[in-house]
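A.B. asks: As a plain string of letters, each chain reads:
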Amino acid sequence: MTVLTRKQSKTMRRPAPRVIRKRKLSPQKATATVYLVRPKGTPAAIERGRRLAEEVRKELAVLDNESLDDTMRHLRGRSWSL
Amino acid sequence: MVVIDSDVLLLAFAFHRDPRQTDNAAFLTQVQNATAATTVYNLMEVLAQLSFNLSPARLAEWESWLIEPYHLTVIWPRAVENQTAEGFFRTEIFEHPFAKAREHRIAFLDALVIGLAERTPEVESLVTWNARHFKDKTTLRVQTPSEYLAI
Chain S
1 MTVLTRKQSK TMRRPAPRVI RKRKLSPQKA TATVYLVRPK GTPAAIERGR
51 RLAEEVRKEL AVLDNESLDD TMRHLRGRSW SL
Chain V
1001 MVVIDSDVLL LAFAFHRDPR QTDNAAFLTQ VQNATAATTV YNLMEVLAQL
1051 SFNLSPARLA EWESWLIEPY HLTVIWPRAV ENQTAEGFFR TEIFEHPFAK
1101 AREHRIAFLD ALVIGLAERT PEVESLVTWN ARHFKDKTTL RVQTPSEYLA
1151 I
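So the protein lines, in turn, are chains S and V. Here the first sequence is numbered in the working numbering, starting from 1 and rising by one per residue. Here the second sequence is numbered in the working numbering, starting from 1001 and rising by one per residue.
The set of hints was computed from the structure by calculation and includes no laboratory data. Only a predicted model underlies this, so the values are computations on that prediction, with no experimental measurement involved. Among the clues, some could well be false.
[To be verified] Straight-line C-alpha distance at most 20 Å; calculated DMTMM-like pairs for lysine to aspartate or glutamate:
1) Lys1135(V) with Glu1103(V)
2) Lys1137(V) with Glu1103(V)
3) Lys1137(V) with Glu1124(V)
4) Lys58(S) with Asp1018(V)
5) Lys1137(V) with Glu1095(V)
6) Lys1135(V) with Asp69(S)
7) Lys1135(V) with Glu1147(V)
8) Lys1137(V) with Glu1118(V)
9) Lys58(S) with Glu1063(V)
10) Lys58(S) with Glu1061(V)
11) Lys40(S) with Glu1061(V)
12) Lys1137(V) with Glu1092(V)
13) Lys40(S) with Glu1063(V)
14) Lys58(S) with Glu47(S)
15) Lys1137(V) with Glu1147(V)
Pulled out of the complex, with its shape left as it was, chain V reads as follows (with noise of 0.2 Å):
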């Protein structure tokens, strides 16, 4: 499973003079055929990004031109057993980020969406435009869309 960046996300429909723009959209043709992912965290930076410039009424249909058309798994945190609220969100929102910030020196959104690909067994890679920022922050193996294609 590849987890996508909201860099590749936001360039599939913004941005159209990119010069990333074909391999951006090769690579999305491509990795459909490893199981494509995001995690919620991508997704709302994705959304509320977008919100300024589409209707609420379009934002509500995300799962149809989102998710359905680059066959995207959705990844959610979910609380261990017994976990009350309180101590899941503790531990997803504070523990786990502060955690890889004291290791890494990360940004915060960084860290959230990290955490969330490291902790799913499923997940092999992260494809980000800004790979070389990644790469020594994660055990997961990191690469542009364009590197994902020369493989």
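Looking at chain S on its own, in the form it has when it is part of the complex (with noise of 0.2 Å):
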């Protein structure tokens, strides 16, 4: 009878969750979980993107007289830069 509440003691004391949910907020875990992807970076995707850029720009006009700080409100729900 005691070996086993012994057994049963220690096993209590062992929360499995929280030793899972340390290790995933350790740094050295947490450095390793991103990953990153880079352009094409070549002259004709960068020709390319520069033109493209440029009607992106003409057909955004419409929001010209709208202001930054009022779409970053309500993107982040808190007053911006302003």
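Using the supplied hints, reconstruct the complex from the two chains, each of which is provided in its own coordinate frame.
C.D. replies: What follows is the structure, given as structure tokens:
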């Protein structure tokens, strides 16, 4: 009886969820949890990108009467830079 | 590596009368020498916002007009070894941002962006027009585009 009681107490002192949570938040593990996707960076891709970016800017001229700060306030739910 | 917040990217394409346009454009040109990056959360925030004003075909070309002109690297979260999809989702969408919120009282998307940037070893700083708000909430150096240009 005594042995069984001791074994049960040991088990109860090691709650599995707490151990798992501590491991997930450790800095060593956290630094490995990203990956980077680089741009193509070829002259052709950059040239095409700049041309398309200019077209997008023209298409978004409809937003000229709106403000960045109002938009960010809607997106992030608080006052922005002004 | 410099992480660029959504407001800087939105200003690159819209709000042409904004007084910060000159500094914003100069910053986006200069930062390419330091390896510019953004997180997938910023990327989605920008694309979803612009979806109200751009055609689906134009949105589908995002890698061309949003990534290539600024040489942007995109930072994505990755699961740790042997982690289930459910565990990865819980860690990324709940545990990391909730830990940030408890520590700093921070909005959900701010916490996602900062959390991912801080976990990227190459990242040194975050550039946002709302630098004042972020300065006491992250270990990263936080600057506005104007402050970046002044250094």
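A.B. asks: Each hint: holds or not?
C.D. replies: Hints, verified against the model:
Only pairs whose Cα atoms come within 20 Å are accepted, and Lys1135(V) paired with Glu1103(V) is accepted, the gap being roughly 14 Å. Pair hint Lys1137(V) plus Glu1103(V) holds up; C-alpha atoms about 8 Å apart against a cutoff of 20 Å. With a CA separation close to 15 Å, the supplied pair Lys1137(V) and Glu1124(V) stays within the 20 Å bound. A threshold of 20 Å between alpha carbons decides the hint, and for Lys58(S) with Asp1018(V) the separation of about 15 Å falls inside it, so the pair holds.
For the hint linking Lys1137(V) to Glu1095(V), the alpha-carbon distance of about 17 Å falls within 20 Å, and the restraint holds. Of the pairs offered as hints, the one joining Lys1135(V) and Asp69(S) holds, with about 18 Å between alpha carbons and a cut-off of 20 Å not exceeded. The suggested pairing of Lys1135(V) with Glu1147(V) holds, with an alpha-carbon distance near 13 Å, which does not exceed 20 Å. Between Lys1137(V) and Glu1118(V) the CA atoms are separated by roughly 11 Å; this keeps the pair inside 20 Å, and the hint holds.
A C-alpha spacing of about 18 Å is found between Lys58(S) and Glu1063(V), which places the hinted pair at or below 20 Å, so the restraint holds. As the CA atoms of Lys58(S) and Glu1061(V) are separated by approximately 16 Å, the hinted pair is consistent with the 20 Å bound. Restraint check for Lys40(S) and Glu1061(V): the C-alpha separation of about 14 Å stays at or below 20 Å, so the hint holds. Taking the CA atoms of Lys1137(V) and Glu1092(V), the gap is about 18 Å. The hint holds against a cut of 20 Å.
With a C-alpha separation of about 9 Å, the suggested pairing of Lys40(S) with Glu1063(V) holds against the 20 Å cut-off. Taken as a hint, the Lys58(S) and Glu47(S) pair is honoured in the structure, with Cα atoms around 17 Å apart against an allowance of 20 Å. This hinted pair checks out: Lys1137(V) and Glu1147(V) have alpha carbons roughly 18 Å apart, not beyond 20 Å.
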